[in-house]
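Full structure from sequences and hints, please.
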Amino acid sequence: MLNDIRYLVLEDGTVHEGYKLGADAESFGEIVFNTSMTGVQEIITDNSYTNQIITFSYPLVGSAGFNFEDSESLLPTAGGVVVREASEHPSNFRCDENLDQFLKRHGIPGISGVDTRSITKKIRTGGVMKAMITDSSDHDSTVSKIKDSTDATDQVASVSTRTPYISTGRGPRVALLDFGKKENIVRSLNHRGCDVTVLPHDTPAAQILDMKPHGVMLSNGPGNPEDVQVAIETVKGLIGKVPIFGICLGHQLIALAGGARSYKMKFGHRGANHPVKNLLTGKVEITTQNHGYAIDGNSLENTDFEVTHTALNDGSVEGLRHKSAPVFSVQYHPEAAAGPHETSYLYDQFIGLMTTEGGQTNA
Amino acid sequence: MPKRNDINTILVIGSGPIIIGQAAEFDYAGTQACLALKEEGYRVILVNSNPATIMTDKEIADVVYIEPLTPDFISRIIRKEQPDALLPTLGGQVGLNMAVELDRLGVLEENDVELLGTKLDSIKQAEDRDLFRNLMNEMGVPVPESDIITTIEEAYEFVEKVGYPFIVRPAYTMGGTGGGICENEDDLKEIVANGLKYSPVNQCLLEKSIAGFKEIEYEVMRDSNDNAIVVCNMENIDPVGIHTGDSIVVAPSQTMTDKEHQMLRTVSLDIIRKLEIEGGCNVQLALDPHSFDYYIIEVNPRVSRSSALASKATGYPIAKLAAKIAVGMTLDEMQNPVTNTSYAAFEPALDYVVSKIPRFPFDKFEKGERKLGTQMKATGEVMAIGRTYEESLLKAIRSLEYGVHHLGLPNGDDYDLEYIIRSIKAQSDERLFFIGEAIRRNVTLEEIHEWTRIDMYFLNKFKHIIDIERQLKDNKNSIPHLKWAKKFGFSDRVIGHRWEMTGSDIFKIRKEEGIMPVYKIIDTCAGEFESNTPYFYGTYETENESIPSDKEKILVLGSGPIRIGQGIEFDYATVHAVWAIQEAGYEAIIVNNNPETVSTDFSISDKLYFEPLTHEDVMNIVHNENPKGVVVQFGGQTAINLADRLAEEGVTILGTSLDDIDRAEDRKRFEALLQDIKVPQPHGKTATNEAEALENARHIGFPILVRPSYVLGGRAMEIVFNESELENYMRNAVKASPEHPVLIDSYLTGKEIEVDAICDGENVIIPGIMEHIERAGVHSGDSMAVYPPVNLSQEEIDTLVDYTERLAKGLNIIGIINIQFVLSKDGIFVLEVNPRSSRTVPFMSKITEIPMAGLAMHAILGKKLSESGYPLGLQPVQPGYYVKAPVFSFSKLKNVDVTLGPEMKSTGEVMGKDDTLNKALYKSLVASGLDVKDHGTALFTIADKDKSEAVELAKRFSHCGYRILATKGTAVALEEADIPVVTVEKIGEGEETLLRAIQNGNVQIVVNTMTKGKEVERDGFRIRRESVENGVPCLTSLDTARTLIEVIESMTFNMDKM
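Sequence order for the protein chains is A and B.
Residues in the first sequence are numbered from 478 upward in steps of one, following the numbering used here.
Residues in the second sequence are numbered from -6 upward in steps of one, following the numbering used here.
Treat the hints as calculated values from the structure; they're not laboratory data.
The C-beta atom is built at its ideal place from N, Cα and C for all residues, glycine as well.
Please note that the accuracy of each hint is not assured.
[To be verified] Among chain B residues calculated to face chain A with C-beta under 7 Å, some are: (1) 247; (2) 259; (3) 333; (4) 336; (5) 342; (6) 344; (7) 448; (8) 477; (9) 534.
So, in structure tokens, the structure goes:
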């Protein structure tokens, strides 16, 4: 039986009593939920969750354990983890440690033993809110601490690489702007032979073009796209000059650079089962998603962009392409990890663009 | 794409009788599909031979045919109805095979019938082992080394290449019939020969054994626009080697990382895209526990048992959507019927854990071979849902109704460790419980893993359960420990046991401490979208989502897993009761734990609680809902057995009062009643020990019928001819005690009559009287029954009606009652009264068009029968003849004796109806799988007491053109009667034995009656098993044989010389 009590306190005063998990630390952050039933390691190490407290709606978390291969970043930056049960004895041939050990090693606090479904439902009805994981039983003081906390606006800077580095390949040269990228973006490109240069998020357009890449990839990343003005400027300077492929935050930055607007969703899309309609083929793709902001479809009017993908359930914008330039983007994660692999064709599409358009622009 | 408008009428083929490997899941799928097609405006024509199903109700399809599922009969229906299309993928393997056959015969083309859904070529490609393997090779998808063989010699060649062990899978069979694992040459000879025999195309797949790999299943769907999704993935706790139907299964899978999951998901979807499946499909894969290596095991291009389980586990109605896909609709245009706020094109996310445990028939077939393998043996299954794995597992265990309540055996301490270890290694159906016992004795998990190959994840979970047990023991009366144990699914009874209290004591403590379960919605989306689906499971968490409405509510208890003696008929009655409750304006709430059934479709009731049917779990629901009352009449003995203790807790039992139920079931009180109302019964007494039994038996006179009180399906019931047999019975077959006495009755030979009636306390409606073909002594569930009765005089009918009315009124029945009578030379006697819905309710309801369960439910709710619109008393006789015939699953259960007796053995039933009795009999025999031919060879081996009767039958067979074989003694009797007969040697008496004759396919019918005595019994057993295993009908009752010859005579021209 577990004894060490810990609390999850929500902004609205709701208190969940549970047990200590992971690091001995407190944590503030926006509380979100993810409905994926696998890929806990990939999710926790996805830097798009920077400072966020992730609630797993599936109750048995980490049953296949954590290994040294499946992380999406070396240093996970999630604010905290909320689970119904943290698997104590995970089992898988690659398993190296359990959830508790992994979180401790990375200094991330967590809480187990709470009714995660009720939290999910609260977020669904009330929208995302702030929360705190704490050992303190003075809940009034916790709530006021939560209310006094301010949102960080420099999250991308905090997770982006500070210096460029290369992950080599023999194929097209890709400049990957790192806003908090998932490793599997690099792996997906490398897997297709690309030579990838990972660049800091604030690398200016001129410097990128000087490198003569065959294409530019804009990665996912945490937070509000409007906080990353520097990148919006960069994208403006790249459109039309080089093939561009944007994912998640990268997709939003492309849209903002093109003149569209973004908005904060009530509770976002986070999971591995999101149906997206590909308007070009008429087919449904099951996608991995992790975003709290989206592009306002109406704001695309009078821009050079058109919608290529929409979310089947709420109709929100899931993919765009430039009407004339080789630029396209999706809100979801074709690199999966965790999640379905069926949209990896987008990487092939990007390679295709680079080998035709990219070749010409840089010739 | 919108639905097709170029078709109007659709024929749906059901799956026929319930047998092992093909059970109630197809009633669920078929019902959903028919309703879905009707919802889209199509005219649905249904054909199924199984009367005990909801799908054969007139409400479900526009036109219903209850006819044998043979190409012959279906062709006639097609020619008559001229449907535009045929939907073959919802009736299990039977439906699918039928469609293949109709196509082969050209019937579909001739009548311009289009096959809907998955194309026939795809079906063949998935089902034909060779084609499938080639396709996998072409796709680069790994399949185990294998070869298709059609002879034993080829099997030897295979072994030379691949070696032992290897698996035998016969082509085109269901539930792995005839398959197995060969470890050596003896196995090869037996299993391969069997497999070739069972395959309708005499073809087997031999496959390198990958036993020990994880077995993972993906339930997938695809539409005509190539949208493809995974509805659910499931992990079998038992590794590859045990049939998935016999495996303990968990959903979603637990021990795969996202990498393995996505790898298998991708390949599953690739396969259904390649096969161009349009509808649901099941993909089974084997995953190496130590690498990313995997193999495809098989693909079922249709809805299946697994898809029913996946539907119930996720809420996602696969069959319903598969039917709509078949008429051209696509996943992205159909709403998710669970949320109604999202679309069907998505993959369900669970926020709970589901466990499925199969229900085996070995409580009835004690001598059956219990080792599990590739041949499915379970008759049914239970499912349970929890927020912890332990909770889902323990809830599933207590849903089984085996007398086990926890991870262990009730008398677990009695076994020595060696026996426990041997039992685990034996890979029997009880291994889970023995593993619990082993952990309790500190056997290491590593050792258990070595023996069972069960993943350490699950073994650690099992150990956690044992750890909690110990903590409870060490912390008596600790509320935190109580709370903790409840979160992991411990029942009050088990906690009470550790605390030396009763379950009720614990319930009281919980109530005081506010430790009550909450109920959560199964919504397919883990709470992401709003959903008002009234589909709940209980768990110990904070937020309760099952908020009771203001309406008056009636709680209906279901009948749990399908088992021999309690089948789909009870689900049928449960569903009808729910409909009646709703008609009467109440809220109808179902509690049940069987994932295969219609009653656990959340769209049937106002609220569905998917929970174990135990006192505690039902009381928790009562506590949450506060219903007006609980109905126990329709859920078989499962529900009746709960009534007592529910009433003790102050719960109102609706309908026949508990006291009156007891009067029907308590021997002494029942006798008193019969004396009172002057209805005779065979002389009988009760005994609580051996001495008393012997004394009573002497008094009554042999033969006697003995059985324990409160039984299900004639369990442990025997006809006993002398004192030594009785001693043996009392010592070995029952545990008699003052609370559980043994009933001893005079065994009367005679015609058995069965009556179901509805009573409102004042008046009685008797839809009809059924006459059994087999004389009393054969369990009513195993007897053929005929409506209307053909051998009863008006006077006898009047007496039966009179007795029925006296019994119903005498017992103050409010609702339904089932009575069995025997018509002996001394008159009519009542044999048994069941104050509840019975097996024959759907059969009689369908014949008479009186919705008996509904009518009974209305009576329970206070509506007078005089206002029902039906005349009171016995209803007018319906035109035509209707025959109910039992169907058995003996070929799947090794070592089980097929002799009919007072213990029920059949798993399902069929109905034959026609204008004349012989035609109806013919149909019922054909529908039950008998090949009724006007010539062939019949083998007679008859007990001395039956010889004169058998001689007359043999003569008639001979006269019709049958060649008669007989064993020595029987042959002598036949020769004396001038019947041409060939004598065959008994077992072991020379070369041409009768076993060889059966094995060589030289016998078409075996007629065998039981002889007492060790050696002859053993011989008889071998003869009967040999016929079953060779697919030769074995008739053990001369009454069945007489019926068969009558039918054959009626269809045979007379060949007398001039």
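Each hint, compared with the structure:
1. 247: holds (5 Å)
2. 259: With Cβ-Cβ at 5 Å, under 7 Å, it holds.
3. 333: Nearest chain A Cβ about 12 Å off; hint violated.
4. 336: holds (5 Å)
5. 342: Constraint on residue 342 (chain B) satisfied, holds at 4 Å.
6. 344: Holds, about 5 Å.
7. 448: Hint holds; residue 448 (chain B) Cβ to chain A Cβ min 5 Å, cut 7 Å.
8. 477: holds (5 Å)
9. 534: holds (4 Å)
Going through the hint list in order, the structure does not satisfy hint 3, though it satisfies all others.
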